[in-house]
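A.B. asks: Please work from the sequences and hints to get the whole structure.
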Amino acid sequence: MNPPIRQALISVSDKTGLVEFCRGLAAMQVRILSTGGTAKLLSESGIKVTEVSEYTGFPEMLDGRVKTLHPKVHGGLLARRDLPAHMAAIREAGIEPIDLVVVNLYPFAQTVAKPGCTLPEAIENIDIGGPTMLRSAAKNYTGVAVITDPADYAALLAEMRENSGAISERTRFGLATKVFTHTAAYDAAISNYLTGIDSSGGRLPWPDRLTLQFEKVQDMRYGENPHQSAAFYRESSPAPGTLAGYRQLQGKELSYNNIADTDAAWECARTFEAPACVIVKHANPCGAAVGASPREAYERAFATDPVSAFGGIIAFNRALDGAAAEAVAKQFVEVLIAPSLDKDARRVFAGKTNVRVLEVTPGSGANAYDLKRVGGGLLVQSPDTRNVVPAELRIVTKRGPTQEQLADLLFAWRVAKFVKSNAIVFCGAGRTLGVGAGQMSRVDSARIAAMKAQSAGLSLAGSVVGSDAFFPFRDGIDVVAQSGAKAIIQPGGSMRDEEVIAAADELGIAMVFTGVRHFRH
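Numbering-wise (this note's numbering), the sequence shown opens with residue 499 and increments by one.
Everything labelled a hint here was simulated from the structure, so no lab data went into it. Keep in mind it's a predicted model, so treat the numbers as computed, not measured. Check each hint, because a few of them may be wrong.
Stated by the list, open to error - In silico lysine-lysine, PhoX-like type, Cα no more than 25 Å apart, as pairs: (1) Lys612 / Lys637; (2) Lys896 / Lys918; (3) Lys570 / Lys538; (4) Lys870 / Lys918; (5) Lys637 / Lys676; (6) Lys546 / Lys570; (7) Lys570 / Lys612; (8) Lys850 / Lys750; (9) Lys750 / Lys714; (10) Lys841 / Lys750; (11) Lys538 / Lys513; (12) Lys714 / Lys676; (13) Lys612 / Lys513; (14) Lys870 / Lys714; (15) Lys828 / Lys750; (16) Lys750 / Lys513; (17) Lys841 / Lys828; (18) Lys637 / Lys714.
C.D. replies: Here it is in structure tokens:
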């Protein structure tokens, strides 16, 4: 255990909990050095504080750009307590050790996120003294404690009180690692911003250098296969409503494949306004439906493909009640995810301890980037959040869809977006009837979707079809028509659109173009 903390340097942008923390330090006879607004706040709160300029004997200058960049500050931070030569050198220079640094940085990311932020404004919010103090203190963690996060105040005070003002090396090391993570993220935000603007300050579509940071949530038992190791990481501030904010209520540890499939199910389910259920198996929806209640939505989704639903991932976009839970619990389920579960639903699953049950707060947020690793590189794109509305549809056949068909076409279109390409989805009355996914030809996906419906005993008479991309030939139209489909939604854009439209007219099928493609690879 180190000697007790006797001197602290505090300079923060985020002043959450600061006054209470500094009162705790003062009660343990810790001398407090501070700067600018932080020093003013502490002084007005009745806490004795020494201005850094008074301590160094050198005034702040250049509009505050230079205030802590001084040997009396960094000598006090960087001197190794275990080297007599270091301690003698700072004593000779009249420098006292600084045992604790509490710093958080200018809000650069928040500043550049504001509409209309100019390059000069961004530059002025690049902190220089703060990161320098943090890095100095963290490098010398064996003698200096350092805090960047107000959430650590209470624990630090508690440890000091229990140990006569001292902090263990284990605690100081943990705090130091947070510092380097924090400054790395800060510098990444600056780099991403500056390499993402042109010489006139205009925004480029993508930065020349992209630096991202994720924090580990957990190690996985293995990856996609047992011979692969894996871990799950999330952003420091996940977009509202995304999977990374999940809370696991019960069940076995989540696997790599569990998380990937759960994300697919949840993302699909949360696109619907009505109560919806989506069942995913091996990255593809094998059933999806809306209903008057979660139970009805589940039962309609499950009926699409009961064989594939075995051991599937089930997502609801509404709170799960006891009735829906009882229906789900009759089958083998790997993961269940919903915004919440009421007490009756929790009681149903309490006896099924292996079922992984997750809650996630609803929201409309989306990831900033969609990432795909390739050999030696990274593909980066914006997320596919586009949902067409009726006004955007173009009727291209002689016969237009009825209102009921239009609703089903839009439903099919939303589901098709989450099916691996080539995707063909038969739907009717707000539910899937047959799903064809991931085939090398679109006509094969159409045949498989029809076969799936037939094997589940579902009629495709009067159904609608969603296709994630255009039909390159009329053969796909022939297959879905022979199966009973009466309306199709697709992007259009094929060289043979006229041939495909003529086939639909010949077969009495209504067809609408979206002008939007939804490849999912």
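A.B. asks: Evaluate each hint against the coordinates.
C.D. replies: For each hint, the structure was consulted:
{"no.": "1", "hint": "Lys612 / Lys637", "verdict": "34 Å, violated"}
{"no.": "2", "hint": "Lys896 / Lys918", "verdict": "31 Å, violated"}
{"no.": "3", "hint": "Lys570 / Lys538", "verdict": "21 Å, holds"}
{"no.": "4", "hint": "Lys870 / Lys918", "verdict": "15 Å, holds"}
{"no.": "5", "hint": "Lys637 / Lys676", "verdict": "12 Å, holds"}
{"no.": "6", "hint": "Lys546 / Lys570", "verdict": "20 Å, holds"}
{"no.": "7", "hint": "Lys570 / Lys612", "verdict": "37 Å, violated"}
{"no.": "8", "hint": "Lys850 / Lys750", "verdict": "11 Å, holds"}
{"no.": "9", "hint": "Lys750 / Lys714", "verdict": "19 Å, holds"}
{"no.": "10", "hint": "Lys841 / Lys750", "verdict": "20 Å, holds"}
{"no.": "11", "hint": "Lys538 / Lys513", "verdict": "12 Å, holds"}
{"no.": "12", "hint": "Lys714 / Lys676", "verdict": "13 Å, holds"}
{"no.": "13", "hint": "Lys612 / Lys513", "verdict": "21 Å, holds"}
{"no.": "14", "hint": "Lys870 / Lys714", "verdict": "18 Å, holds"}
{"no.": "15", "hint": "Lys828 / Lys750", "verdict": "19 Å, holds"}
{"no.": "16", "hint": "Lys750 / Lys513", "verdict": "40 Å, violated"}
{"no.": "17", "hint": "Lys841 / Lys828", "verdict": "18 Å, holds"}
{"no.": "18", "hint": "Lys637 / Lys714", "verdict": "23 Å, holds"}
The structure shown violates the earlier hints numbered 1, 2, 7 and 16.
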